[in-house]
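K.L.:
Residues per chain, in single letters:
There are 2 protein chains.
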Amino acid sequence: METISFRNNALFLLDQRKLPHKEERVKCKTYAEVSSAIKNMVVRGAPAISVAAAYGCALGAIAGKETQAYRSLISSRPTAVDLANAIGFMRANRTRKSPLTLAGEWEKTVYDKCRRLRLHGARLIPRNPKILTHCNTGPLAAGKYGTALGVIAAAHKSGKRPFVWVKETRPRFQGALTSWELGRMRIPHRVIVDSAAASLMAGGEVDLVILGADRICRNGDFANKVGTYDLAVLAHAHKIPFYVTAPSSTLDSRLKSGNSIQIERRDEKEVLEFSGKRIYAKGTRALNPAFDVTPHKLVTAYITEDGIFRSPDALWKGTKA
Amino acid sequence: METISFRNNALFLLDQRKLPHKEERVKCKTYAEVSSAIKNMVVRGAPAISVAAAYGCALGAIAGKETQAYRSLISSRPTAVDLANAIGFMRANRTRKSPLTLAGEWEKTVYDKCRRLRLHGARLIPRNPKILTHCNTGPLAAGKYGTALGVIAAAHKSGKRPFVWVKETRPRFQGALTSWELGRMRIPHRVIVDSAAASLMAGGEVDLVILGADRICRNGDFANKVGTYDLAVLAHAHKIPFYVTAPSSTLDSRLKSGNSIQIERRDEKEVLEFSGKRIYAKGTRALNPAFDVTPHKLVTAYITEDGIFRSPDALWKGTKA
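Chains A and B, in that order, are what the protein sequence lines are. Going by numbering that gives the first Met the number 0, the first sequence opens with residue 0, and the numbers climb by one from there. Going by numbering that gives the first Met the number 0, the second sequence opens with residue 0, and the numbers climb by one from there.
Chain A on its own, in the form it takes in the complex:
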């Protein structure tokens, strides 16, 4: 199952809004179409949107609209830094190689990082663990391999028999993507509503939490899907290890701490409707922050392609960002 592929001068994106019910692809022939696909979450997940953005830049460059492409893609989603880093890479190297070759390089690098990080991460997973995860961090989110779900898959392949609690991840139910991917890998799992995590922890039903990141700051604070920060507080309160996985493209050397991360607020309808059907009374308003920020002190370890890091300092020293 290919999440992202480039052929015949177009980028094909597996439409994640239709999964797990339908496998459809969206064809993007221009940077503007890629930008819109990122904004509307046809493609989602920090590493995956960075790959899509690299190809979006390439399509822009080929059409002689390089600057417009950078500008449009950078503003398609504000929180994940991987997207900005992909654009930065395309920009910095634009005189060196053809845009499509560059996009292909970025893609290969992202997959390679995810391939490596999952093997580091798997060392942290004990036998027969009950693992809690949030949002979707599988191949869908990263183009290939995945981040946190890649770690779980690697642990599964090595015979550690993980069981996974899948948080549904309101409002967009990325838990449906995660359970679909786990099902395909035959990894046992159950879906829970987001707020059932705490009582499972209290009942000894969670051995570790592992999830992804959208932007990791210099001090180790990181942004990830809304619902990550509460999980970190809860894991801390229950003395449960809390692991963050991301390729180094998620590191943001320009931001000192989480206070400066821009949190995307998405359409209220994501909260107030399901599949076009209204849940709330007419006139009801919602607030829909798509991400939250978790302070570094709640993180047990960061896992990147360069290893396992027990502190923000170690992370920044050990990872070639």
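Hints listed in this document are in silico derivations from the structure and should not be mistaken for laboratory results. Check each hint, because a few of them may be wrong.
Stated by the list, open to error - Computed footprint of chain B on chain A, listed as stretches where at least three residues anywhere in the stretch have a Cβ under 8 Å from a Cβ of chain B:
no.: 1; segment: 170-178
no.: 2; segment: 215-229
no.: 3; segment: 268-277
no.: 4; segment: 286-294
Where a beta carbon is used, it is the ideal one built from N, C-alpha and C, also for glycine.
Given the structure of chain A, go ahead and fit chain B onto it with the hints provided.
P.N.:
Then chain B, alone, in the frame of chain A:
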């Protein structure tokens, strides 16, 4: 808007599953119909189901099926003790008065307790507060007045200008009932997904948490809608007051601590489907605990019809359970 009414030998229940879209009533002519309405959540909220159960007992007694009615109603929902306490009241007084008179007495007592507790609670609410609440605790949940939402309404009436963050309360979206009730009372509010609460707290957007309870044990541990315990941990971590409101019919003198509370597990479909439409891939399984247990040490104060209590000891001494 009447949640519960008895007329022409039948109990009429406002169908809370249809709200806020349709105002329909379900007519129950037998104890079995009342029992089924409680189980299917036509009527919900600990005080409201206790009133419905009292009338269910009365219908059973009138039909000469007293014992069957007790048995059926007690097992309709296991977690809220108010239901058991209502049945206990009907049973203990059955030789004293007619069943319908007794049910009416129970109803009146419940409303009277809620009327009184909201005035105590309102004293705890500062001016211009940003209040976070969970599930639904308004007139719908209590027949009249409500518990936590009653307190908020009383604070609003006295000019304190509360603003309310309404947690959507997955899986059944009781937040839609709360926002509908707040809208009718013209109290400003916004809906959030359950896992957005933590980042609002971190951002200083929550001054206090107030919610209801389904069963309060001797040591002060209490059961309430799943998503309460995590909120208590989060409030504690952010030094935000966490208030629990309930009429004394929610006190369970037989249970020493929260460990012994039976937590209802409801149909997985509540998590996996919305309005009959599948969210997850075929074969996906869920775990759906309807409640969780919060330890007493996380409670700032309990509010009953008898006052405000800062400790479990004070609660049990001060409330005539």
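K.L.:
Give a verdict on every hint.
P.N.:
Evaluated hints:
no.	hint	in the structure
1	170-178	holds (count 5)
2	215-229	holds (count 4)
3	268-277	holds (count 6)
4	286-294	holds (count 5)
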